[in-house]
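Engineer: Residues per chain are reported as follows:
There are 2 protein chains.
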Amino acid sequence: MISCFSQSRTESVKSDIFKIMGKVRNAISPTREEDYPEWYQQVVKAADLAENTPVRGCMVIKPWGYGIWENIRDSLDGMFKETGHKNAYFPLFIPKSFLQREAEHVDGFAKECAVVTHSRLEADADGILQPAGELDEPLIVRPTSETIIGDLFARWVQSYRDLPLLINQWANVVRWEMRPRLFLRTAEFLWQEGHTVHATPEEAMDETRLILKLYADFAENWLAMPVLCGEKTESERFPGAECTLCIEAMMQDRKALQAGTSHFLGQNFSKACGIKFQSEQGREEFGWTTSWGVSTRLIGGMIMTHADDDGLVVPPKVAPTHVVILPVTPKEETREQVLQSCRELAEQVRSQDFAGSAIRVEIDDRDLRGGEKYWGWVKKGIPLTLEIGPRDLENGTVFVGRRDQGSKREGMEREALVNGVRSLLEDMQKNLFDRALAFREENTVTIDSKDDLYAYFTPGNPSKPEIHGGFALVHWDRDPQWEEQLKSDLKVTVRCIPEEPGETGTCIFSGNESPGRVVLAKSY
Amino acid sequence: MISCFSQSRTESVKSDIFKIMGKVRNAISPTREEDYPEWYQQVVKAADLAENTPVRGCMVIKPWGYGIWENIRDSLDGMFKETGHKNAYFPLFIPKSFLQREAEHVDGFAKECAVVTHSRLEADADGILQPAGELDEPLIVRPTSETIIGDLFARWVQSYRDLPLLINQWANVVRWEMRPRLFLRTAEFLWQEGHTVHATPEEAMDETRLILKLYADFAENWLAMPVLCGEKTESERFPGAECTLCIEAMMQDRKALQAGTSHFLGQNFSKACGIKFQSEQGREEFGWTTSWGVSTRLIGGMIMTHADDDGLVVPPKVAPTHVVILPVTPKEETREQVLQSCRELAEQVRSQDFAGSAIRVEIDDRDLRGGEKYWGWVKKGIPLTLEIGPRDLENGTVFVGRRDQGSKREGMEREALVNGVRSLLEDMQKNLFDRALAFREENTVTIDSKDDLYAYFTPGNPSKPEIHGGFALVHWDRDPQWEEQLKSDLKVTVRCIPEEPGETGTCIFSGNESPGRVVLAKSY
Chain A
48 MISCFSQSRT ESVKSDIFKI MGKVRNAISP TREEDYPEWY QQVVKAADLA ENTPVRGCMV
108 IKPWGYGIWE NIRDSLDGMF KETGHKNAYF PLFIPKSFLQ REAEHVDGFA KECAVVTHSR
168 LEADADGILQ PAGELDEPLI VRPTSETIIG DLFARWVQSY RDLPLLINQW ANVVRWEMRP
228 RLFLRTAEFL WQEGHTVHAT PEEAMDETRL ILKLYADFAE NWLAMPVLCG EKTESERFPG
288 AECTLCIEAM MQDRKALQAG TSHFLGQNFS KACGIKFQSE QGREEFGWTT SWGVSTRLIG
348 GMIMTHADDD GLVVPPKVAP THVVILPVTP KEETREQVLQ SCRELAEQVR SQDFAGSAIR
408 VEIDDRDLRG GEKYWGWVKK GIPLTLEIGP RDLENGTVFV GRRDQGSKRE GMEREALVNG
468 VRSLLEDMQK NLFDRALAFR EENTVTIDSK DDLYAYFTPG NPSKPEIHGG FALVHWDRDP
528 QWEEQLKSDL KVTVRCIPEE PGETGTCIFS GNESPGRVVL AKSY
Chain B
48 MISCFSQSRT ESVKSDIFKI MGKVRNAISP TREEDYPEWY QQVVKAADLA ENTPVRGCMV
108 IKPWGYGIWE NIRDSLDGMF KETGHKNAYF PLFIPKSFLQ REAEHVDGFA KECAVVTHSR
168 LEADADGILQ PAGELDEPLI VRPTSETIIG DLFARWVQSY RDLPLLINQW ANVVRWEMRP
228 RLFLRTAEFL WQEGHTVHAT PEEAMDETRL ILKLYADFAE NWLAMPVLCG EKTESERFPG
288 AECTLCIEAM MQDRKALQAG TSHFLGQNFS KACGIKFQSE QGREEFGWTT SWGVSTRLIG
348 GMIMTHADDD GLVVPPKVAP THVVILPVTP KEETREQVLQ SCRELAEQVR SQDFAGSAIR
408 VEIDDRDLRG GEKYWGWVKK GIPLTLEIGP RDLENGTVFV GRRDQGSKRE GMEREALVNG
468 VRSLLEDMQK NLFDRALAFR EENTVTIDSK DDLYAYFTPG NPSKPEIHGG FALVHWDRDP
528 QWEEQLKSDL KVTVRCIPEE PGETGTCIFS GNESPGRVVL AKSY
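Going down the list, the protein sequences come from chains A and B.
If you read the first sequence in my numbering, its first letter stands for residue 48, the second for the next number, and so on.
If you read the second sequence in my numbering, its first letter stands for residue 48, the second for the next number, and so on.
Simulated from the structure, these hints should not be mistaken for lab results.
The hints are all genuine.
One copy or two, either will do: identical chains are not told apart, so a pair holds if it fits within one copy or between any two.
In silico lysine-lysine, DSS-like type, Cα no more than 25 Å apart, as pairs:
id : residue 1 : residue 2
1  : K426      : K455
2  : K426      : K92
3  : K497      : K538
4  : K420      : K133
5  : K92       : K323
6  : K534      : K158
Excised from the complex, chain A in its bound form (with noise of 0.2 Å):
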């Protein structure tokens, strides 16, 4: 089986600490290519990101995993504002009542939501606390809050003066999955809904395509994760939604991973809740809605883009550290000395800025072996890594290395360095884009026959039996049948409907005329 892995390079580069151990392998067991789901959780772990807990599917994110979603969460809350939306918080929790209002909608999310019934514990006649303080209505913990956002809303809107309302919400949501897998799917999950209120149709529709736009812009300049743009078909639509569009990237494994969505609601929320506004003619008109949201998914999107065999890569702009500098102390009388210099680099990288705001660097002089220490810098994918030794002093040098290059490090001038230090994290940036990119484009194939649709997606293709699916740009009708069958068949969705359509052709199921090509792919 020929690696799918190229691009990583990390196998001519192999560390000092596993030559030690006597054999050379990677920093993460297995790789890619032996187990993908096992190597990421191994990436997870060894980055210190995150961690299952005794609530089950409930996730703590660690600091470093933290520090990855601040800088995401910041970045795209700065987005949000330009474009002129307003932050407020709403209620976790949604009287039952509540989420019946939309029939669509109660039926996407019964079926997997934290359901509170008591207001205390009291405990019973052998001491044990039972739940107590019946409530007279069931509270739903939020799995989103288009219904109580929708009934305050019909408060706050009246006139035609008021609208567009535009507002999001940072939050925890909650529902309840069967295969919790960390970041990609847990029950609770921390995220930003958007939700916005509009005079007429085409306005919220603008919104929603405005919102697209903004994540695919994010994604592919913050997390250099490249993503498709486009709509959802029915069967794939948010419950309750007229329309909803996504992104939509490929991670290493070929599978699709759905990065964001944003949804155009039509009056279906408005008139649940009872959203009405005095137009400017003087009429009673429900307002048109929109709600769009993208969550910590996005970290499992990073992951499962960058990260190799030796663990996450994080791309520079979302890392909460760039730069770390190591300081190499092998004799006492010099160890000042070194320390001294580390400080005063620090601070020369320090005043630098990247992407808006200084360069980040932390000086790791922990008590530990300086393969251990390097190496865990390495797993948690930090950008840049720089050692300063006793004779890096006398030479002025810095050893520094580089994650997007692999394990690889190299000695170079100190000035250079600080006076560089800015174009190396850009050019990191632009580097992890460039080869996600060339991945996603190297598995993306044009098909046009059913049986060659199969064959792509069924593995052991004789052909090219180290490819067993990526991304497959196919003709269809639209007719929801073969939908049905590919995802029954190969368990393969259509992703998305691109929004440049292109040409028209012919159905590869049905013969039938096609408006235009669809993503299929398997997908998380």
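Assemble chain B onto chain A, guided by the hints.
Structural biologist: Okay, now just chain B, sitting in the frame of chain A:
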């Protein structure tokens, strides 16, 4: 009855709009004197900070209120990070058995917690959705996270090398409240909770004190809210703590508000959760833990410290917008000229820094009557309003309203304003603090007999009819029976035992020796 609110200076300056309405009155009705609790609700409403929702006890924090919270969060967060703390995120749910691990802790929280018992909704025979999928063990929506975080810390802490462990979480928590009040006491609220583990009790106690100092610094320097620092008595301690330190502020009705607490938890939670480490000497020992938090309650404290009978007054450092520019455009032909001049002024002001970031400026060009618009901003507590009309363009002037000086406005040279805007804001921040401090000092008395104490806290004390209590400093022998009696007789509690113990003396209840004065007050 003499006004206790004379410092607000609103009496001399009444608005155009209210004169037009035929009588001179305040923007908020009732005034503080007329009905303080109702005045509070009306200030919150008029400033559009938050409102009640159909979910009992849960509020929605609206954009202006949430903007204040974002500023509180960001500045506190910076202080936590500067002192070595890292953010993480822990599960919303706590298994019932975890809460029970610490006996006092569960006693403290079992009476008011949201209990999740089911994992989905299912239609019954009548088609009505009912809770289904009962959980093996009920989950509690976190009222605070000591037990779940303790369980995870037990995995993270192995050796003295892992200590101190300094973690903070920004999160929502739920405590069922019988009498909810916006910001002050809501079922769900937003907060931060710090949780740390240390190798020795001394280090843990140092951390407890460090955080209290940080809270006091934040309250005074950002919220302009003077606070007393001290220790809670045993009866007021956090359930499970060995020692609770607190900051206490005086509201304008002279009641105390507990604005933040920092707890030394001893080894109670490390024993309950199994947080053990191997010491430098190779012994296995239990860690020493702390926890500490402040919440959206701080916004309630800010309101009741600074707001006046015309509405909210936001200390500049936490104001979502520092300066609003109001174009005065009586004639269509000068409209664009005025707007252009406003845009230029906005740019000039924005290019100045205040409290570490650019001054936040908004232009309000909504199509509303001038008085309505101006008073809207007064009620929101915006620090500075700048009005510009055609005549100001000719004269190079701006009509400036400074919120801490009531609704008085005066003309200023435009250039002087631009150059002086930062010091105006600084001066306002200082002025708000100074007058709140003066108010507290005026209403803090030293009392040396039980009769005087009872008179002080009994409404209608003949010698001082306008005063029914403030802060009383009294000698007390620390016998809890007197504390109980005060509570039942007067609804007065020991707010704190001040950190500076002061002189010993004679207990006013028992005549026994007192180790120092304590602070007594009615409270929220």
